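Enquirer: Model the full structure from these sequences, guided by the hints.
Protein chains: 2
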Amino acid sequence: MEMECDEKVRVGKRMSLWMKGLFAKLVEIGNETKALWKDDPRRVIHALKLGLTLTIVSLLYYYRPLYDNFGVSAMWAVMTVVVVFEFSVGATVGKGLNRAFATLFAGGLGAGAHHLAALSGRVGQPIITSIFVFLIACTLTFMRFFPSIKAKYDYGMMISILSFSFVSISGLRDDEIFLLLQKRVSTIFLGVCVCLIISISISPFWAGQDLHNRIALNIEYLALFFEGYGSEYFKTLQDREANKDENFSQSYKSILKSSGIEDTLYNFARWEPGHGCFQFRHPWKQYLKIGALTYQCAFRVDALHRNLSSNFQLSQEIRAEIQEPCMEMSMESGKTLRKLVSSIREMNQPTQAEIHIHNSKAAAKKLKASLKSSRMWENCDLLTLIPAATIGSLLIDVVDCTEKIAEAVQELASLAHFKSAKPGVVSLVKSEAAVQSGKEKVQPNIGLPFVTIPISTG
Amino acid sequence: MEMECDEKVRVGKRMSLWMKGLFAKLVEIGNETKALWKDDPRRVIHALKLGLTLTIVSLLYYYRPLYDNFGVSAMWAVMTVVVVFEFSVGATVGKGLNRAFATLFAGGLGAGAHHLAALSGRVGQPIITSIFVFLIACTLTFMRFFPSIKAKYDYGMMISILSFSFVSISGLRDDEIFLLLQKRVSTIFLGVCVCLIISISISPFWAGQDLHNRIALNIEYLALFFEGYGSEYFKTLQDREANKDENFSQSYKSILKSSGIEDTLYNFARWEPGHGCFQFRHPWKQYLKIGALTYQCAFRVDALHRNLSSNFQLSQEIRAEIQEPCMEMSMESGKTLRKLVSSIREMNQPTQAEIHIHNSKAAAKKLKASLKSSRMWENCDLLTLIPAATIGSLLIDVVDCTEKIAEAVQELASLAHFKSAKPGVVSLVKSEAAVQSGKEKVQPNIGLPFVTIPISTG
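Protein chains in written order, with our numbering: chain H, 102 to 559; chain E, 102 to 559.
Simulated from the structure, these hints should not be mistaken for lab results. In this text the structure is predicted, and so the values were computed from the model without any measurement. Heads up, the beta-carbon is just placed ideally off N, CA and C, and yes, glycines get one too. Please note that the accuracy of each hint is not assured.
Restraint-style ranges between C-beta atoms, simulated for each label pair [said to hold, decoys possible]: (1) H:Leu217 x E:Arg115: 29 to 37 Å; (2) H:Gln397 x E:Ile303: 38 to 46 Å; (3) H:Ser359 x E:Pro166: 51 to 59 Å; (4) H:Leu217 x E:Gly361: 37 to 45 Å.
Expert: The following block contains the structure:
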């Protein structure tokens, strides 16, 4: 009796432990779901859209006239929705068109192959068909390795192998094959059409818009860093410890982490029709160029950040000498990038950035002059000078990087016909002319050897 | 008559132009094919393997007893092959198991849903089924966004939605549904099995082996750079122009370009059974850690390389002072990495690397002392000193990076139970002890502020 009681207690304990574990797991999943949702609420909308599309297409099965027409083939439409409906419009269009046209062409080819094989009699047919299937499968599989095909038509190649095998092997009579092919192609087209309509008409997510936003955001992360860097760097060590501002110095890392995403978005954006401010043949490729430059700039930012987190203190003399130009270079680079961001976001010509590029170049010139003057390093240890020189050279590099980004954005602006800037704003040509003629002429390369790319006035 | 002749000539010219264009295009495609083949001959073998598998499975259609058993459902096996057969064994296993088990479970669930819906009568059934389909599709689609699910079960989720819809909508009687489900599951299992057998038995391509080789190759690229860097850097400018050795300095770039590939290979490798020297639960994750460290080291290499390509000349005094320790640091880091590569390739304990780490640290200490001594920078321009200091600090950083890579490889060696090294070789503990006790004790951090990570003896 007592033992039974013990047993019950033990089972009860185990049950309660198990329930607690389950509850903790559920809470964890709940939190993760909430985080995913908050991070990008479009995920939930996408899930609802797919559910809706699938439900609509499944009605084909219930609606008598349609079922009578398509029969069991209506299932192909359901499958098409599950396979084709992707997050962005571009991905859906790409997969949908690939699936539809690959089915049409490869299915037709399969029907032809079947007809040819049938001519060789009952014994020859399986052999001939097998040879055809083998050859087509090998060729198309190898073709999937071509980079240009992989980027745009990978799915189409797979569906081609599938459709060719499906039709050529099916072993039906010729007229039945054409009926099968017709049903398959029409249900797949139907599925693709429903996907495209829902994807575009209900809260569409454009890969092109995402690419556009992402590039702007990445530049903004850099701007954020440079705006905060100067003042953070020249804080005293105590100040820095006291008010640790990790925010400005962390966001740039996401640029380094996600360099492949832009390529993916680009591949999807190419499939998208015109939408919002983007025309059909928007110069998406230019975004990749800007992205690559941003990535290179983020390398420099990483080096600057590593300097920031090392514990060291500038001597008073050096600080007095370099603080002003360094802070100005950082701040003006930040402002340049900030202007570029708003130019991209509002799709304006980036003329406002020019004045800040000019200023940052002037500051770079000033810093180089300081580094050259012997006054600064007469009374101090080389080891205390090197960090200042390193920061200086990195910032000079950054000024150059920033200018290149500005040029790439300018190129984008002219390729995509961005609106011209409001009157009254300093124009690109004017500010360049000022640099060329005025006292502030920046020398091409004073001789810092680790500034690989000369800072020219052009 | 003449006009007709003119017309003929024009058509002939156009034809010949067209033919020339076609021929040029064909030659181009031929060259690209050859390049793809030469770059990795396994691509051709993969294509042939897929063709063979597809042909074998298509025989199901021709072999009477099998066809009588499976009927038209045999087509599912063909489709499975096309969709599941991937380049590496890991990818094929992952997709195959996802497809097979997702079909089994979601199909079963769909049958249950169908049974429940059927209870509510002819009018209620479509409504209830639609609600089920909508809910399942939404839930599973959202679940695909969870990173842990996306990495391993993304395809399974998609197939689950597909199978659930397929079975629940199909509108058949209960007993027919179970027959359908049984046929579908068994043909898909059959397809997956054939894929796995061919993938593993004929010239298998293991993602794990690829990951292992790739990590070793990346470290070798770094070793190649450091082995060449020292002597290249201290060449006179004329010498450097004359014998430009681009080989050693270019290969590291492929590390920076392809950082996502390791993650993909890792996700595949986790699916693979034991093969060759790798057991089932080989510590694949450790390769990602080594890969990340290699990537960070490649950043430094990039900075060193940019210095190399800038045109400048070290003054004679500075050269005399820093050449020896810099060359030694570079060379010893190269040797360390070279030993690590052979340790990974031969799956030995990396004890031989320790002595070179010790040497490179000693050289780093020597360089720091040089930079600290005032003798060196009494008579020269700061601008000529900075490059030397930059190189020095980068190389000190590299020594630290190399040590971290060595530690990570050591960790891999113990996790994966690599063979212990041959006797007679300096052991890890011994060499560490020498550093700790002897004159050569390396100070933790002499104060170069841009060497973020202190070089400790630990």
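Enquirer: Now look at each hint and say whether the structure bears it out.
Expert: Quick rundown of the hints versus the structure:
no. : hint                            : result
1   : H:Leu217 x E:Arg115: 29 to 37 Å : 32 Å, holds
2   : H:Gln397 x E:Ile303: 38 to 46 Å : 44 Å, holds
3   : H:Ser359 x E:Pro166: 51 to 59 Å : 54 Å, holds
4   : H:Leu217 x E:Gly361: 37 to 45 Å : 44 Å, holds
Violated hints are absent here; each numbered hint is respected by the structure.
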